Amino acid sequence: MLQFEDFIVGETVSAGSIAVSQEDLVAFAERYDAQDFHTDPEAAKASFVGQLIGSGWHSCALLMRLIAEDFLLDSTGMGAPGIDEIKWLRPVFPSDTLHARRTVLETKASRSRPEMGLVRFRFELLNQRDEPVMDQVNWIMFGRKGSGVAAQPAGNWLAHTPRYERPLRESPLEAPAEAPEPARFFEELEIGRRYELGSFTFTPDEIVAFARSFDPQPFHMDEAAAASSSFGRLAASGWHTAALWMATMVSHRRRQLAATTGRPARLGPSPGFKNLRWSKPVFAGDRITYFSEIADKRESASRPQWGLFFHHNTGINQHGDEVFSFDGCVFVERQP
Numbered sequence: 156m157l158q159f160e161d162f163i164v165g166e167t168v169s170a171g172s173i174a175v176s177q178e179d180l181v182a183f184a185e186r187y188d189a190q191d192f193h194t195d196p197e198a199a200k201a202s203f204v205g206q207l208i209g210s211g212w213h214s215c216a217l218l219m220r221l222i223a224e225d226f227l228l229d230s231t232g233m234g235a236p237g238i239d240e241i242k243w244l245r246p247v248f249p250s251d252t253l254h255a256r257r258t259v260l261e262t263k264a265s266r267s268r269p270e271m272g273l274v275r276f277r278f279e280l281l282n283q284r285d286e287p288v289m290d291q292v293n294w295i296m297f298g299r300k301g302s303g304v305a306a307q308p309a310g311n312w313l314a315h316t317p318r319y320e321r322p323l324r325e326s327p328l329e330a331p332a333e334a335p336e337p338a339r340f341f342e343e344l345e346i347g348r349r350y351e352l353g354s355f356t357f358t359p360d361e362i363v364a365f366a367r368s369f370d371p372q373p374f375h376m377d378e379a380a381a382a383s384s385s386f387g388r389l390a391a392s393g394w395h396t397a398a399l400w401m402a403t404m405v406s407h408r409r410r411q412l413a414a415t416t417g418r419p420a421r422l423g424p425s426p427g428f429k430n431l432r433w434s435k436p437v438f439a440g441d442r443i444t445y446f447s448e449i450a451d452k453r454e455s456a457s458r459p460q461w462g463l464f465f466h467h468n469t470g471i472n473q474h475g476d477e478v479f480s481f482d483g484c485v486f487v488e489r490q491p
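156 is the number of the first residue of the sequence shown in my numbering; add one for each residue after it.
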């Protein structure tokens, strides 16, 4: 069992592997990132990559599964407050085999909670050629030795394969009441414009379905185990909260395209994001409404037909509390 004091600055450990099929990539994307280049091999041929690739959010979820298998499920892990930065470096293709590598960057004891310490990691997700496809930096909280913080309860939490299987009772996305705007080219984007993307109610079935594939920690998987955890009741994985932001963003984009006359502006890839924060837990029964605000935009020097726009994104629960936020960016086509 790993506790806070067991993590040594500079230590690097390689861990696990997951083979991903086309079916795996499509199963995740159909629920959380249903863009053609993630779900339709034929349509993907006309995309910016030219073939079907995995969602970047799927890569985040798969790395979470590898981290859980490697050490989290045999530790005094108490969750993560957020992610400092994610870089999506290369696409993930069908038949890739992914493995993880973790490096301890920093450790510090908590001043306000003496039973706890924080460890800052760099996690890398690499393919079968040992090429990094994603880079992630974040803190994780761990119980300290002698503090009385127990390891996570024993259980066969890894029994399910890392392929997403939708629950029998599925919660739908809810579209906002406001009428959609047409899809905008780079020059038409208005800094400060805020969009409501949609809402989603996190049911126990949905929480467990995601967690059993990607984040099988007991407080996401089992009501009784969650009751004795720091959460106190069943809570959604932070990556589940993030994946639903993407699902509402795709739904928002489809409404924009339906409202567009003429050829719409195309979206390109996203290089990653920063400052992701899970500021409050998302519990079973919570209804989260997602928003995206255009924070800035910049012409691309390397791709003159494209520009980059930067967006600040939030999730707000039914009580008006912010539970989730991050700063992202994505390429968007310039006017012909």
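Worth flagging that the hints you see were computed from the coordinates, not collected in a lab.
Treat the numbers as computed from the prediction; the structure is a model and nothing was measured.
Please note that the accuracy of each hint is not assured.
To be verified - List time: in silico DMTMM-like cross-link candidates among lysine to aspartate or glutamate, alpha-carbon distance up to 25 Å: (1) Lys452 with Asp225; (2) Lys242 with Glu286; (3) Lys429 with Glu477; (4) Lys435 with Glu270; (5) Lys452 with Glu336; (6) Lys452 with Asp476; (7) Lys263 with Glu320; (8) Lys452 with Asp482; (9) Lys200 with Glu178; (10) Lys200 with Glu488; (11) Lys452 with Glu166; (12) Lys435 with Glu378; (13) Lys429 with Asp482; (14) Lys263 with Asp191; (15) Lys242 with Glu488; (16) Lys300 with Asp360; (17) Lys300 with Glu178; (18) Lys242 with Asp225; (19) Lys242 with Glu448; (20) Lys429 with Asp229; (21) Lys435 with Glu329; (22) Lys200 with Glu270; (23) Lys263 with Asp229; (24) Lys200 with Glu286; (25) Lys300 with Glu270; (26) Lys263 with Glu329; (27) Lys242 with Glu378; (28) Lys435 with Glu240.
Cross-check of the supplied hints:
Restraint check for Lys452 and Asp225: not satisfied, since their Cα atoms lie roughly 39 Å apart, outside the 25 Å limit. For the suggested pair Lys242 and Glu286, the alpha carbons sit about 13 Å apart, so the restraint of at most 25 Å is met. Between Lys429 and Glu477, the direct Cα distance comes to roughly 17 Å. Compliance with the 25 Å bound is thereby established for this hinted pair. Annotation: proposed proximity of Lys435 to Glu270 holds, straight-line Cα distance about 21 Å (limit 25 Å).
Restraint check for Lys452 and Glu336: satisfied, since their Cα atoms lie roughly 19 Å apart, inside the 25 Å limit. For the given pair, Lys452 sits about 28 Å from Asp476 by alpha-carbon distance, which is inconsistent with the 25 Å threshold. In summary, the hint linking Lys263 to Glu320 is not supported, as the alpha carbons are separated by about 38 Å, beyond the 25 Å threshold. With a C-alpha separation of about 13 Å, the suggested pair Lys452 and Asp482 falls inside the 25 Å cut-off, and the hint holds.
Between Lys200 and Glu178 the CA atoms are separated by roughly 17 Å; this keeps the pair inside 25 Å, and the hint holds. With a C-alpha separation of about 18 Å, the suggested pairing of Lys200 with Glu488 holds against the 25 Å cut-off. Between Lys452 and Glu166, the direct Cα distance comes to roughly 39 Å. Violation of the 25 Å bound is thereby established for this hinted pair. Distance check on the hinted pair: Lys435 and Glu378 sit about 19 Å apart at the alpha-carbon level, within 25 Å; holds.
A threshold of 25 Å between alpha carbons decides the hint, and for Lys429 with Asp482 the separation of about 5 Å falls inside it, so the pair holds. Simply put, Lys263 and Asp191 have alpha-carbon atoms about 44 Å apart, too far for the 25 Å limit, and the pair is violated. Simply put, Lys242 and Glu488 have alpha-carbon atoms about 21 Å apart, close enough for the 25 Å limit, and the pair holds. For the hint linking Lys300 to Asp360, the alpha-carbon distance of about 35 Å lies beyond 25 Å, and the restraint is violated.
For a cut-off of 25 Å, the pair hint linking Lys300 to Glu178 is broken: about 43 Å separates their Cα positions. In summary, the hint linking Lys242 to Asp225 is supported, as the alpha carbons are separated by about 21 Å, within the 25 Å threshold. This hinted pair checks out: Lys242 and Glu448 have alpha carbons roughly 21 Å apart, not beyond 25 Å. Straight-line distance between C-alpha atoms of Lys429 and Asp229 comes to about 28 Å, which puts the hinted pair past the 25 Å bound.
A distance of roughly 22 Å separates the Cα atoms of Lys435 and Glu329; the hinted pair therefore holds under the 25 Å criterion. Annotation: proposed proximity of Lys200 to Glu270 is violated, straight-line Cα distance about 53 Å (limit 25 Å). The suggested pairing of Lys263 with Asp229 holds, with an alpha-carbon distance near 20 Å, which does not exceed 25 Å. Proximity of Lys200 to Glu286 is assessed by CA-CA distance (about 23 Å); at most 25 Å being required, the pair is judged to hold.
Straight-line distance between C-alpha atoms of Lys300 and Glu270 comes to about 8 Å, which keeps the hinted pair within the 25 Å bound. In summary, the hint linking Lys263 to Glu329 is not supported, as the alpha carbons are separated by about 42 Å, beyond the 25 Å threshold. With a C-alpha separation of about 34 Å, the suggested pair Lys242 and Glu378 falls outside the 25 Å cut-off, and the hint is violated. In summary, the hint linking Lys435 to Glu240 is supported, as the alpha carbons are separated by about 19 Å, within the 25 Å threshold.
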